[in-house]
Amino acid sequence: MSVVKTITSSQERKRGWSISLAPDLLPVEVPPPFDVPPLSVEVLQKMYHVMLLIRRVEEYLLDAASEGRIGGAMHTAIGMEANAVGAAFATRPDDYVTCTYRGHHHAIARGLDPGQVIAEVLGKASGCARGKGGSMHMVDPEHGLMGTNGVVAAQVPHAAGMALAARMRGEDRIALTFFGDGAIYQGVMHETFNIAAKWKLPVIFYMENNKYSEMTPIWRTSAIEDLYTFPKVYGIESIRINGNDVEIVHAAVSWAAERARSGEGPTFIEAITYRLAGHMAGDLETYRTPEEREHQRQADPLLVLRQKLLDRNVTEEALARIEEAVAQDLARAVEFAETSPWPDIAEAYTDVFHL
Amino acid sequence: MVQMRKTTYLQALNEALREEMRRDERVFIMGEDVAYYGGLFRVTRNLLEEFGPQRVMDTPISEQAFIGMALGAAAVGMRPVVEIMYMDFTLVAADQIFNQIGKYAYMTGGRVYLPLVIRGQQGGGKNYGSQHSQSLDSLYAHFPGLRVVAPATPYDAKGLLKAAIRDDNPVVFLEHKMLYFTTGEVPPPDVDYTVPIGLAEVKRPGRDLTLVTYSYCLLEALAAAEELAEKYGIDVEVVDLRTVNPMDTETIWASVARTGRLLAVHESYANCGVGAEIVARAYEEVPHLLKAPARRLGMPPVPIPVSRPLEQEILPWKRHIMATVLEMMHERVAYA
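Residue numbers (my numbering), protein chains in the order written: chain W, 1 to 355; chain Z, 1001 to 1336.
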């Protein structure tokens, strides 16, 4: 018998941690200082397409990792797709993005071809980093994705530096950096908050709070429940939103981007979301009950968006067409990646320096 | 022939920064006390006045953040030069330097590269103690992806700093606190020149032994060589490595081919250090050139003490260099 008691959602709430997406779906919001205008059904359908594609790509990758066809760490963002897609649709292709090792969703949302994503994870020559980076190091400068990162919070100052560069050149580009709840206690995060605030850098700090810092619930290690309050100390505008509603994410990032472009400085967004899969392939998930996960599945951002589309008179047939198109996209991407060659052996020695 | 003039190492660095900032508006400076104060050692003095606070920026004491920001700015086309007050403090930002900056080009398959310079002073001799006197060249040379430069003369300092700023890769540029007020011949400011990264130079020709060194130890080595010649008739050839990584072994081996003996000297720790690397490569690549066992001289494995006699005891400077050379040349000394 296990000596470790599993803490249930209700026990968690008793400890004063009330943040939850389900079943009540939305007790998480601080009244937003921006409007959430409804997006057109055309845009929402495009978002649904991208979100579903991300889900299917990651399910494929998770299966491949579980079957041992992919080595290394496999972190998926299953359940967190609305954050990436809402943010990508609210920013420009020439804006800069950095994010964590949980970054497939951001790469695809920015516009990186899913075939190149899968090829990179497989270590193929056709991958976005020619197979040298892998799952944790997606890159696509043409779409502003300057790198996903293997070290928690390391990518945060990178975005601030990109924002600084944009401002020095007199451009109205902004930088957007994604990280998890677990990143909040890395010192570099606070160092960057201070500089970004002091220099009023056009940067958006976007926390995907999926409630688990890897395999430990954030409430076990955090002295503070309301993580979005930290940046306020540095004078940074900071909000908490429902990260599973793509329309809310889109509105929040649009608002923050407008602030950044107009010289009002950085914004911090704590988006409450939920990782429906484990931290990585092979995660024993002893830190939560299957009941908790199933409970949170009610707030799956794909279900939320699908229902939203049905409510706005998009037909089941139209949604089925999107779902069929996604299946085809996935099949093409998998075919592309699996049939791509390995890199030339000489590639092991190149790109250490730019020559 | 360019008319040379005498200037300090400090002034040479200041001129390099000024000229590169005038030449290329992508170059900017960040660091602690660099703008209004002009740098703790005054390397960046008067740059704020010419280039303004947009290009010469005082940061808070947050090495991780501003080194990470230099990465970000370089990744999107700027050419940041970061000053670290004491190179010891770069260890606070070890993740950004080793895990991020050194690997970024490779991890992205060459799609992002980083033209940036991390510069600052290191080394002992001024009684600053264990956390302000270390030499980290061996540590930086151990990792892939970082060029490591450690000039000893004002001419090389200016030429290599300009080359480092123009390089498309991360360069760790190591100055030495004992060098700032040393003087040497440097072309006037209107003469643009660079010293190529990765090229060593024979600073004193000699017949008996090749002494490879860099940074402040060069001055100690040259002084030792003069005394060895005067007192013992031992003629030491002194090779200034100038760049630690990549290492110009071609110049070293050419010298060893003339002398048959090799001694590597540096102020970073001898254990697993650059000297060990040079000696190992000599045995791997040119063992036939060695008439006697090759040796290295570096810092012993102790933290650096403040007390003047204790610090002087462990610094691998002239006294230790002479003793080591005399041991290596014992046959000649015995018969002399």
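Hints were generated in silico from the structure; no laboratory data involved.
All residues carry an ideal CB built from backbone N, CA and C; glycine is no exception.
Be careful, since some hints might not be right.
[Unchecked claim] What follows is a list of derived Cβ distance ranges for each label pair:
#1 Ala346(W) to Ala1254(Z): 25 to 31 Å
#2 Arg1045(Z) to Arg332(W): 55 to 61 Å
#3 Ala1229(Z) to Ala346(W): 36 to 42 Å
#4 Ser40(W) to Arg1018(Z): 16 to 22 Å
#5 Glu347(W) to Val1202(Z): 35 to 41 Å
#6 Ser1307(Z) to Ala223(W): 51 to 57 Å
#7 Glu59(W) to Glu1250(Z): 52 to 58 Å
#8 Gly1052(Z) to Glu67(W): 39 to 45 Å
#9 Asp226(W) to Ser1307(Z): 29 to 35 Å
#10 Met215(W) to Arg1319(Z): 54 to 60 Å
#11 Glu67(W) to Asp1168(Z): 24 to 30 Å
#12 Tyr1193(Z) to Ser262(W): 44 to 50 Å
#13 Arg332(W) to Arg1018(Z): 53 to 59 Å
#14 Ala325(W) to Glu1250(Z): 34 to 40 Å
[Unchecked claim] Computed, partial: chain Z to chain W, Cβ under 10 Å:
#15 Glu1025
#16 Ala1065
#17 Asp1088
#18 Leu1091
#19 Asp1095
#20 Gly1206
[To be verified] Covered stretches of chain Z, as calculated for chain W (at least 3 residues, CB under 8 Å):
#21 1099–1112
#22 1317–1329
Against the structure, the hints:
Here the CB-CB span from Ala346(W) to Ala1254(Z) is close to 29 Å, well matched to the stated 25 to 31 Å. Between Arg1045(Z) and Arg332(W) the beta carbons are some 60 Å apart, a value that agrees with the proposed interval 55 to 61 Å. Look at Ala1229(Z) against Ala346(W): about 48 Å separates their beta carbons, and that is not inside 36 to 42 Å. Between Ser40(W) and Arg1018(Z) the CB atoms are about 54 Å apart, so this pair departs from the stated range of 16 to 22 Å.
Distance hint check: the CB atoms of Glu347(W) and Val1202(Z) are about 37 Å apart, consistent with the given range 35 to 41 Å. Distance hint check: the CB atoms of Ser1307(Z) and Ala223(W) are about 43 Å apart, inconsistent with the given range 51 to 57 Å. Distance hint check: the CB atoms of Glu59(W) and Glu1250(Z) are about 54 Å apart, consistent with the given range 52 to 58 Å. Roughly 58 Å separates the CB atoms of Gly1052(Z) and Glu67(W), a value that falls outside the hinted 39 to 45 Å.
Taken as a hint, the range 29 to 35 Å is violated for the pair Asp226(W) and Ser1307(Z), whose Cβ atoms sit roughly 51 Å apart. At about 56 Å, the CB distance of Met215(W) to Arg1319(Z) agrees with the hint of 54 to 60 Å. Here the CB-CB span from Glu67(W) to Asp1168(Z) is close to 41 Å, at odds with the stated 24 to 30 Å. Tyr1193(Z) and Ser262(W) have their C-beta atoms about 45 Å apart, which keeps the hinted 44 to 50 Å range intact.
Look at Arg332(W) against Arg1018(Z): about 55 Å separates their beta carbons, and that is inside 53 to 59 Å. For the hinted restraint 34 to 40 Å between Ala325(W) and Glu1250(Z), the CB-CB distance of approximately 60 Å leaves it violated. With its C-beta approaching chain W no nearer than about 9 Å, Glu1025(Z) sits inside the 10 Å limit, and its interface hint holds. The beta carbon of Ala1065(Z) comes within 3 Å of a beta carbon in chain W, closer than 10 Å, and the hint placing it at the interface holds.
The beta carbon of Asp1088(Z) is not positioned within 10 Å of any beta carbon in chain W (closest approach about 18 Å), and the interface hint is therefore violated. Restraint check, Leu1091(Z) versus chain W: the minimum CB separation of about 14 Å is more than 10 Å; hint violated. At about 6 Å, the closest approach between the beta carbon of Asp1095(Z) and any beta carbon in chain W falls short of 10 Å, and the interface hint on this residue holds. The criterion of a C-beta within 10 Å of any C-beta in chain W is not met by Gly1206(Z), whose closest approach is roughly 34 Å, and the hint is violated.
Under a criterion of three residues with beta carbons nearer than 8 Å to beta carbons of chain W, the stated coverage of the segment 1099–1112 of chain Z is upheld, 11 such residues being counted. Beta-carbon proximity to chain W at under 8 Å applies to 0 residues in the segment 1317–1329 of chain Z; the threshold of 3 is not reached and the given coverage is violated.
Violation of the numbered hints given earlier is confined to hints 3, 4, 6, 8, 9, 11, 14, 17, 18, 20 and 22; the remaining hints are satisfied by the structure.
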